[in-house]
Amino acid sequence: MKQLMLGNEAFARGLYEAGCSFVSSYPGTPSTEITEFSAKYKEIYAEWAPNEKVAMESAFGASLAGYRSFCGMKHVGLNVAADPLFTISYTGVNAGMVIAVADDPGMHSSQNEQDSRHYAIAAKIPMLEPSDSAEALKFAKLAYEISEKYDTPVIIKMCTRVAHSQSIIETNERSEVPVKKYEKTPQKYIMMPAYAKARHPVVEARTAALTELAEVSDLNRIDEGIDKSVGIITSSTSYQYVKEVCADKYPVLKLGLINPLPVKKIKDFAAGVGKVIVVEELDDIIETHCKKIGVNATGKELFGYIGEFSQNLIAEKLGFETGEFSTLDVNIPARPPVMCAGCPHRGLFYTLRKNKLNVIGDIGCYTLGAVAPLSAVDTTICMGASVSGLHGFNKISGEEHEAKTVAVIGDSTFMHSGVTGLINIAYNESASTVIILDNSITGMTGHQQNPTTGYNLKGDPCTKINLESLCKSIGIKRVRVVDPYNLQECDTVIKEELAANEPSVIISRRPCALLKYVKHPGPIKADPDKCIGCKSCMRIGCPAISIVDGKAVIDATLCTGCKICSQLCAKDALG
Amino acid sequence: MKTQNIMIVGVGGQGTLLASKLLGKILLKKGYDVKVSEVHGMSQRGGSVVTYVRYGEKVYSPVIDKGEADIILSFEMLEAARWIEYLAKDGRVITNTQQTNPMPVITGATEYPEGLAEKIKSLGIKADCFDALTPAVEAGSSKAVNLVLLGKLSNYFDFSEEDWMQAIEESVPPKFLEINKKAFSAGKNA
Chain R
1 MKQLMLGNEA
11 FARGLYEAGC
21 SFVSSYPGTP
31 STEITEFSAK
41 YKEIYAEWAP
51 NEKVAMESAF
61 GASLAGYRSF
71 CGMKHVGLNV
81 AADPLFTISY
91 TGVNAGMVIA
101 VADDPGMHSS
111 QNEQDSRHYA
121 IAAKIPMLEP
131 SDSAEALKFA
141 KLAYEISEKY
151 DTPVIIKMCT
161 RVAHSQSIIE
171 TNERSEVPVK
181 KYEKTPQKYI
191 MMPAYAKARH
201 PVVEARTAAL
211 TELAEVSDLN
221 RIDEGIDKSV
231 GIITSSTSYQ
241 YVKEVCADKY
251 PVLKLGLINP
261 LPVKKIKDFA
271 AGVGKVIVVE
281 ELDDIIETHC
291 KKIGVNATGK
301 ELFGYIGEFS
311 QNLIAEKLGF
321 ETGEFSTLDV
331 NIPARPPVMC
341 AGCPHRGLFY
351 TLRKNKLNVI
361 GDIGCYTLGA
371 VAPLSAVDTT
381 ICMGASVSGL
391 HGFNKISGEE
401 HEAKTVAVIG
411 DSTFMHSGVT
421 GLINIAYNES
431 ASTVIILDNS
441 ITGMTGHQQN
451 PTTGYNLKGD
461 PCTKINLESL
471 CKSIGIKRVR
481 VVDPYNLQEC
491 DTVIKEELAA
501 NEPSVIISRR
511 PCALLKYVKH
521 PGPIKADPDK
531 CIGCKSCMRI
541 GCPAISIVDG
551 KAVIDATLCT
561 GCKICSQLCA
571 KDALG
Chain U
1 MKTQNIMIVG
11 VGGQGTLLAS
21 KLLGKILLKK
31 GYDVKVSEVH
41 GMSQRGGSVV
51 TYVRYGEKVY
61 SPVIDKGEAD
71 IILSFEMLEA
81 ARWIEYLAKD
91 GRVITNTQQT
101 NPMPVITGAT
111 EYPEGLAEKI
121 KSLGIKADCF
131 DALTPAVEAG
141 SSKAVNLVLL
151 GKLSNYFDFS
161 EEDWMQAIEE
171 SVPPKFLEIN
181 KKAFSAGKNA
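Going down the list, the sequences are from chains R and U. Going by the numbering used here, the first sequence opens with residue 1, and the numbers climb by one from there. Going by the numbering used here, the second sequence opens with residue 1, and the numbers climb by one from there.
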């Protein structure tokens, strides 16, 4: 039966049909739903790991044990998992192992727009690149065949538009694959110098064999075109934009196996057309390959390296017409994402701002603490960087900064890679104050469980890591817990811990306001007789409060009744 | 047939995804090739959100570009204005006139522009601008704005009332079914 399916859901369906039985991932937009949908199949064991490195190593372990395995992550997650990636390339696999990496050109929900194809080249691992949901399903299945036939992990590269677009797929039954026997093979699986030296030639031979596959496989196919003055080489969502604009005017070489790239197939294609144009988002991987093999291709000088492509961009550069449109001569205010009404992070960030602190930030919903009017974050780099960054900042500058600088990190991000930074603070003794924003969920990516929530991916109760005990066991003697809805308490505790001349952790604890089990008291009312229009309540950037005709007004459809604003009102007008 | 393009725009949390899900379902059933593109993650948190629905004989791109949308279905007045350049020359805007202030307006950094509906119409654009919130509240929930808008949108399709009702039944939980059906009918007649 035909179904409309999200790219990520189709990917999960492909895993299921391929007989995958082990999934371990860390959430990250736009990759998260592959793992969430995998977990819906009872035949698949699926889990959230604390980070991508752990996920990939666990998936490798499952493959070693003889079970088809998978791990998924966003592009920056692959940076975290790069260490096992490069060496699993050498060991190869036992049962098939597939890795999904989801790039985010245009940075809809990311801190950079790195191109993950570089990893496939650098680690010498085959990479497939689907262009819609049907291919996501098909490629996931094919990836296991390639993985087992060529003894290699296989990366499937998604991007936001393939991951988060629905297109039509058809499902099939699951193939039950026999479990492979685990046999001790030290020369293959122990990567110490003597054995690793023997494996590197195996990897090179594998790349040569995979290049042969790239020459003959229909993963790399040609869509014929009428006008051979131009030939286009493309892949992924760029292929869809090209076809949208050109239909069957120009011949198109559509690449599905993006590493290693074919040589003869590209040369033959180029020989049959006039000008070769490469259409690829982000870096010039295909274009550079073409030039390296002596094919004179044009690409980046037309389309550039930055952001997402679109059909209009392709049309304009290839000389096609684009649609006319009307322009409104009005200044349209931006609508940036904001912390939700009732968000527990709000009270904490207000306190940090009020005390004019330096705030070393991290990755999560609370990155929004950087936005006006809270404007409370100084820097954000990557997962876990707040805690380690704070240590360096304080250690070298000492008293100059220690008493007015904090790190903020969410519960899930702390588990991901903040805890190692905290060990450094304890071990190398900086008088640093780390604030763990414990909202009992992984918020930004859409409410995933993590080791501190007490539930696993399947929703079953499980071991709950206790943050207080963990911090204390590392050697942090000062561990405090505050309620971020209580501004006075936050202020007092933050001041005390900053004044202490030793490492400390403040756990700001309150569940995400959007969690279904959280019961809110309900909207408060603004009393227009008491309100003097001082706008003190506007300093917290709550979307439920606005000033109408000089008086505070509460949007009852948004307000949860957290009463952070009430604590700022000197006239008791909000209650 | 030429691929048809419908953009659904609004503010994160307004229920735009249900509208595109429902539309996708009904178009698939009618035998069209369909692509629906969504935005997840960071931009959902009260930010400007857009969903693209494209259908026809063969659909390639999952997104809609400037000058391509046959219909823009907008959940909020400012969002209709924000995306107006995406409308094709003879396209139609269907918009809720409800206003939700973005943060720069809330903080007083800028003002919510006035008279947007009139300004859009003055460009010669076909525009259905109406209050979708009141009928939603009358149907039983302010959250049913999406079904009110979908009801209005249904007037521009050849599908029967039964087709729509079936898609609604398949897309919303049973306990909200009556509210949603009522909201849809209210929107259709608005």
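It is possible that some hints are incorrect.
Distance condition first, Cα-Cα at most 30 Å in a straight line; then the derived BS3-like pairs of lysine-lysine [claimed, not checked]:
1. U:58 / R:317
2. R:124 / R:354
3. R:228 / U:25
4. R:265 / R:141
5. U:2 / R:249
6. R:228 / R:267
7. U:30 / R:2
8. R:42 / U:25
9. R:42 / R:124
10. R:2 / U:25
11. U:143 / R:42
12. R:519 / U:175
13. R:249 / R:291
14. R:42 / U:21
15. R:265 / R:149
16. U:175 / U:143
17. U:121 / R:2
Just so you know, the hints here were simulated from the structure itself, not pulled from any lab data. Note that the structure is predicted; figures quoted are calculated from it, not measured.
Status of each hint after checking the structure:
At roughly 23 Å between alpha-carbon atoms, residue 58 of chain U and residue 317 of chain R fall within 30 Å of each other, so this suggested pair holds. The suggested pairing of residue 124 of chain R with residue 354 of chain R is violated, with an alpha-carbon distance near 51 Å, which exceeds 30 Å. In summary, the hint linking residue 228 of chain R to residue 25 of chain U is not supported, as the alpha carbons are separated by about 39 Å, beyond the 30 Å threshold. Distance check on the hinted pair: residue 265 of chain R and residue 141 of chain R sit about 24 Å apart at the alpha-carbon level, within 30 Å; holds.
Restraint check for residue 2 of chain U and residue 249 of chain R: the C-alpha separation of about 17 Å stays at or below 30 Å, so the hint holds. At roughly 15 Å between alpha-carbon atoms, residue 228 of chain R and residue 267 of chain R fall within 30 Å of each other, so this suggested pair holds. About 12 Å separates the Cα atoms of residue 30 of chain U and residue 2 of chain R, which keeps this hinted pair within 30 Å; it holds. For the proposed pair residue 42 of chain R and residue 25 of chain U, the alpha carbon gap of about 26 Å is at most 30 Å, so the pair holds.
Among the hinted pairs, residue 42 of chain R with residue 124 of chain R is inconsistent with the structure: their alpha-carbon atoms are about 34 Å apart, more than 30 Å. About 11 Å separates the Cα atoms of residue 2 of chain R and residue 25 of chain U, which keeps this hinted pair within 30 Å; it holds. For the suggested pair residue 143 of chain U and residue 42 of chain R, the alpha carbons sit about 34 Å apart, so the restraint of at most 30 Å is broken. Between the alpha carbons of residue 519 of chain R and residue 175 of chain U the distance comes to roughly 20 Å, so the proposed pair stays at or under 30 Å and holds.
Only pairs whose Cα atoms come within 30 Å are accepted, and residue 249 of chain R paired with residue 291 of chain R is accepted, the gap being roughly 24 Å. Proximity of residue 42 of chain R to residue 21 of chain U is assessed by CA-CA distance (about 25 Å); at most 30 Å being required, the pair is judged to hold. Proximity of residue 265 of chain R to residue 149 of chain R is assessed by CA-CA distance (about 22 Å); at most 30 Å being required, the pair is judged to hold. With a C-alpha separation of about 14 Å, the suggested pair residue 175 of chain U and residue 143 of chain U falls inside the 30 Å cut-off, and the hint holds.
Distance check on the hinted pair: residue 121 of chain U and residue 2 of chain R sit about 40 Å apart at the alpha-carbon level, beyond 30 Å; violated.
Violated hints for the displayed structure, listed by number in ascending order: 2, 3, 9, 11, 17.
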